[in-house]
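Enquirer: Keeping their order, the protein sequence lines are chains A and B.
Under this note's numbering, the letters of the first sequence match residues 1 to 343, in that order.
Under this note's numbering, the letters of the second sequence match residues 1 to 241, in that order.
In case anyone wonders, no lab produced these hints; they're calculated from the structure.
Just to be clear, a hint being listed does not mean it is correct.
[What the hints assert, rightly or not] With the C-beta cut set under 7 Å, the calculated list includes, among others, these residues of chain A facing chain B:
id, residue
1, Leu4
2, Asn15
3, Ala16
4, Leu68
We treat Cβ as the ideally placed atom computed from N, Cα and C, and that holds for glycine.
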Amino acid sequence: MNFLSDKTVDRLRQNANLPDLSGTRYQLLERVARGGMGTVYAARDQTLDRRVALKVLDVAVADGDLALRLNREARVLALLEHPGIVPVHDVGTLGDGRVFYTMKFVEGQRLDKYIEAVASLPDRLRLFLRICDAVAFAHARGVLHRDLKPANVMVGAFGEVLVMDWGLAKILREPSFAASQDDPDATILHAPQASNASADGTRATQITGQGTVMGTPGYMSPEQARGDIAQVNERSDIFSLGAVLRFLSSNPEQSSRSKAWPPNRALEAICAKATESNPANRYAAVSDLSADVSRYLDGLPVSARKETIFDKALRVYRRHTVAILLIAAYLAIRILLLVFSRR
Amino acid sequence: MFPATRWSVIDAAKSGNPTEQARALDTLFAAYWKPVYKYVRLRWNRQTEDAQDLTQRFFAEMLERDLLARYDPAKSRLRTYLRLCVDSFVMNQEKAARRQKRGGNATHVALDFQAAEGELAGATIDPASIPSPESLEEFFEKEWIRSLFALAVEDLRKFCSERERERTFRLFEEYDLSGDAEISYEMLAAQYAIPVTDVTNALSWARREFRRIALQRLREICGSDEEFHREARSVFGWDAA
Chain A
1 MNFLSDKTVD RLRQNANLPD LSGTRYQLLE RVARGGMGTV YAARDQTLDR RVALKVLDVA
61 VADGDLALRL NREARVLALL EHPGIVPVHD VGTLGDGRVF YTMKFVEGQR LDKYIEAVAS
121 LPDRLRLFLR ICDAVAFAHA RGVLHRDLKP ANVMVGAFGE VLVMDWGLAK ILREPSFAAS
181 QDDPDATILH APQASNASAD GTRATQITGQ GTVMGTPGYM SPEQARGDIA QVNERSDIFS
241 LGAVLRFLSS NPEQSSRSKA WPPNRALEAI CAKATESNPA NRYAAVSDLS ADVSRYLDGL
301 PVSARKETIF DKALRVYRRH TVAILLIAAY LAIRILLLVF SRR
Chain B
1 MFPATRWSVI DAAKSGNPTE QARALDTLFA AYWKPVYKYV RLRWNRQTED AQDLTQRFFA
61 EMLERDLLAR YDPAKSRLRT YLRLCVDSFV MNQEKAARRQ KRGGNATHVA LDFQAAEGEL
121 AGATIDPASI PSPESLEEFF EKEWIRSLFA LAVEDLRKFC SERERERTFR LFEEYDLSGD
181 AEISYEMLAA QYAIPVTDVT NALSWARREF RRIALQRLRE ICGSDEEFHR EARSVFGWDA
241 A
């Protein structure tokens, strides 16, 4: 028996974990990332000659719990056809028994890395609004993300914002066929799930039972942290969005006083309202949160904060700075002319 | 891929069936003798002959004292239990030696200590330093994985030979075992005058079988399904992000 060096053991382990793509249309290119459930590889779709991202379970588990979850993630993505949500292409089982799905290969950066180069607060807030659009769409389709955080948002090479990693998503209600009859693709996508869905349509609760904590500390709502699955709803995602907003509106250069943004009470109030520990005190819908952020961007009063006269004056000044300065300059010149003409 | 649950060494040891008990010990010897020998050499700083003797006697004592049957999967991993048994055994060696007739009815197995000694030359733990319990655990685990993979490679060699897939094994050997980072599928295809897709398919098959065999061996030396799943993650590095 030959001795296996440390290097050989590592190589053996690494190669033994590679997904077996023989018999599929995909050719393995490289490992891209690792998640809680499995690994994402870059692969080439040889039929369509394009690069795709292939997410595969690490293991074909006998009890199929993870397989069920990965399948469900693919089904959620199929349900959510939106420019802000990564589209799924294919789902299946490899020759080695591992479940996989393929999706669009997004060339870009994770939001937490991307914003290091975005120094403008309005630009960051506009990115946030696009995340809100995608999440609001998912909520309209009865899907909660449950793990929203900067690391789960990708910004593509052309500035497109995509919400990724729907592995912890919860389907609140099965989609209504009646609502989507105009969309033949949607009907096809919904068809397979009917046989697998539970009577009440809450598959996630079968997988994510009461008392199970799922999410990311710092971004997960208190009800998620408690494992109080029954209380998890759209407002839980709103909490996470509030935490993302706080992250995006934090100063880009903490150490540099010259680049620090001034304290912004309106934005802080929006973050505070979104991340209230009591869900009832948060925004009722993502659209309410994004409307408040839009109002802030437009220099209008936000619903999260009652303004003082000083705040109002400051806001009006900020919104109409140029006009106010021009009027002030005009008035100053008129006064000066008046003074000089009397001499 | 996790194989279906098989009789593990623990089940076999507790079965009362002499044939199954013998098979269990063979399986255990195969997977653990090298890690145990190297551990005794480094952890207990024993000379070659002394370590060889202790390794032989440890496995003999396992048989005599029915140590496997006493193992409780709910309390620890089998490899942790065995490592602690080795520690306890070495500490009590004098006492054990008095109780045991050396070379008497003790079971001695033909083990290739020379090869193990050669392998120790490249050990990644410095015997001169004072090793921490964590580094010892890590060392034992590393040697245990090496031993498991080496057995699985040998099984795969036999498996390929039985199915007249010697070329597949040679491809696997050259790409996955040679340690040559420069080698590519294209180079192998040119060397064997076959299409690159044949190399891809052969390696996929060999890796799948290697994985299956390794997991099957692992299942046999784990005390419970839970331990098996945990060890499988440890062996294949799935927990390493």
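Enquirer: Hint by hint, note whether the structure agrees.
Expert: Here is how each hint holds up against the structure:
no.	hint	in the structure
1	Leu4	holds, 5 Å
2	Asn15	holds, 5 Å
3	Ala16	holds, 5 Å
4	Leu68	violated, 16 Å
Hint check: a violation occurs at hint 4 only; the rest are consistent with the structure.
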